[in-house]
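Engineer: Here are the chains, one letter per residue:
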Amino acid sequence: MAVKPVPRILVINLAEERVETIRREDLAPFIGGIGVATKLFSELVDVEKDALDPVQPIILANGPMSTIFPVVTKTVAVFRSPLTGEWGESYAGMRLALAMRMTGFQAIVIKGRAKRPMYLAISHQGVRFKDATALWGLSVSETGSILRDLESGRGHRSCIRIGPAGERGVRFANVNVDTYRHFGRLGLGALFGSKNLKAVVIHGEREEPIENFAQYSRVYKEIYNKAVTTDIMDKYHGIGTAINVNGLNNLNGLPTKNLQQSSFDQAAAISGEAFAEQSLIRKMACAGCPVGCIHIGLHRREFGPGYDYESKNLSYDHELIFALGSFLGMSSQEKIYELIDAVEELGLDAISAGVLLGWVTEAFEKGILTEEQLGVRPAFDHSKPYLQILRKLVQQPNELYRFLALGAYAAAQRYGGQEYAMTLAKNEIAGYHTGYANILGQAVGARHSHLDNAGYSVDQKLKDKSPVEKVEALVKEEKWRNVLNCLTICLFAREIYQLDTVLAALDSIGIPSTEEELEKLGEDIFRLKQDTRRQLGYDFNQVEVPKRFFETTSVTGNLNREAFQEMVEHYKAHTCPQN
Amino acid sequence: MAKILQANYMAKCIGCYSCMLACARTVRHSFSLQQSAIQIHTAGGLQSRFLADICRGCSEPACAKACHCGALLPRNGGGVRFIPEKCLGCQECVEACVVKTIRFDHTSNKPLICIQCGSCTRFCPHQVITMEVREDGR
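Protein chains in written order, with the UniProt record's numbering: chain A, 1 to 579; chain B, 1 to 138.
The hints are simulated quantities; they were obtained by calculation from the structure and are not laboratory data. Warning: the hint list may mix true and false statements.
Here are a few chain B residues that face chain A, going by a calculated C-beta distance under 10 angstroms [what the hints assert, rightly or not]: (1) S18; (2) R28; (3) N76.
Every residue, glycine too, gets a C-beta built ideally from N, C-alpha and C.
Given these sequences and hints, build the entire structure.
Structural biologist: Here it is, written out as structure tokens:
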């Protein structure tokens, strides 16, 4: 095996306000990103203690290709999920990977609980522990504005922060990354809050010379040209991920009104095409990505008589239009923007928030929840009651709201309606109802995300294949994505970064590898995650699949529990043959 | 007439930083954005617009006038030629630059001078920055 660079790791103890840097040769074969983070997390997590216990670590990692190759823009966070209690893994873009690269640290470990509200300023010259008491309670955008003035590094820095939801322990609170991206899923924001950590500002100025200029430049240019001059990335830059809204709707794959339907009669008004034509004002990119998939829309709102208007620039994507749109029966972009604005400012994961509101609405309609408990009367297509519910689940004034702050699974366990609380392994579902592979993929995937193994794609591309072949495709994809995630390549660029390109890119920066070696890496990480999450309590015999999946027709027709269970058995046989 | 770098279409900028990476890579053989002579940043956070700090390609460059060691020479068409071997690192050019876009690299003890090579423009996916002849003809 070729020798790999040894990652440099920064370890921060919030309680003691101490830092150390470590270099571990045994981490080198993991290359970076999810590989290094998985190994570190599996060693540092305390499986006996709650997700919000001060001992639990937060691990951020990027990789050797970060920023210096096109569309290699992600930073991974690994943690014990406050939402599911098990494996937490989330990715964010914007400037974070760039800023980390320029500090010279490939991984940052944050442990302990600060004695009072704190923010961290991390640079290539060390870490400053800064008082954040004046920032506690502030919204995400206000926190960002203040830190922008307090800290240096304009243009090159990254500012990640939580809103009130994270401070108050909402189990699906997110961490906002540079205004328009997020560590969205699985509740990293609650973990920040539990550590009294309001924000982290990262800015490095480390010089890093290019060793093999000719080879590196050639490979960079080839990849850049693929990203910019071919049609591979058109979907993401053009209409963006929101192009899926119409596509899924036409195929009965768009979860609508708490998945009581899989198509939406108002989809045309909230489709990617409609957003682009009516409210898109600009597109933005993560640092190092020439594609620019971040779609920014204008939310214009009259707040008083006499033509008093306010406006905000908000980022939208398919998942937001699904979770805060079709899933809640929203018939206009304006209403969706109102909800996006609320989750952004409070610091909530948009998918979990929307899916939870879907359950609340149906539970209210069925008489499980009352107006007295909620303080409002939730109804599909009405944004105002939802805005109040979102604020209240942050404030948590009564028992119901304390349960809502734990997520849809926990709330349904307490109040009932589990058969239509749309979660898989306690995580709220993503915006696809394509078939068995989508459900299985999210139920068994390491982070219970549609991006673990692209089940929604397997359902459609392998439509006529056998259940065994679909299971094999899911597992193979999850392992390969582990490799891409070691390199923190944006998964939107997975068609560009096929094996040959990955090997060429690595070789050009002095990290020669082979197909066998990368395959083994993907496999090793897959196993390590499986082992760790089992210790954290995950058991695929225990995963509950809400009945609603089998009541509403999908892209691949009507589904039934027996056929799904058959796929689960194939999965178990395929991934743990000893059982 | 030789062309100079212009940033006339910044409203189209997506903030991908490919130009900065190109400058640092091709001119300085560095991965570090600190080494780029073109700097992109926002006017006030990512909800605001992008700005480009670039050499404006003066026809009578103040930086060259301020240079006492012959390292910066006026370039035909605007801007300067930089002869690093002659530079002693006095930083007079940094002070003199009218638009304050010359930054100083303490590692090499030399200023980061835009040499008007156009590398950055070749990696701009939306032709936000371009090489153009000076319009005022001076």
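Engineer: Can you verify the interface hint for R28/B: is its Cβ closer than 10 angstroms to any Cβ in chain A?
Structural biologist: Since chain A brings a Cβ to about 8 angstroms from R28/B, closer than 10 angstroms, the hint holds.
Engineer: The hint names S18/B as touching chain A; please verify it with the least Cβ-Cβ distance against 10 angstroms.
Structural biologist: It holds, given that the least Cβ distance between S18/B and chain A is near 5 angstroms, below 10 angstroms.
Engineer: Report holds or violated for the interface hint on N76/B, using the least CB-CB distance to chain A and a cut-off of 10 angstroms.
Structural biologist: violated, 28 angstroms
In this structure, only the earlier hint numbered 3 is contradicted, and the remaining ones agree with it.
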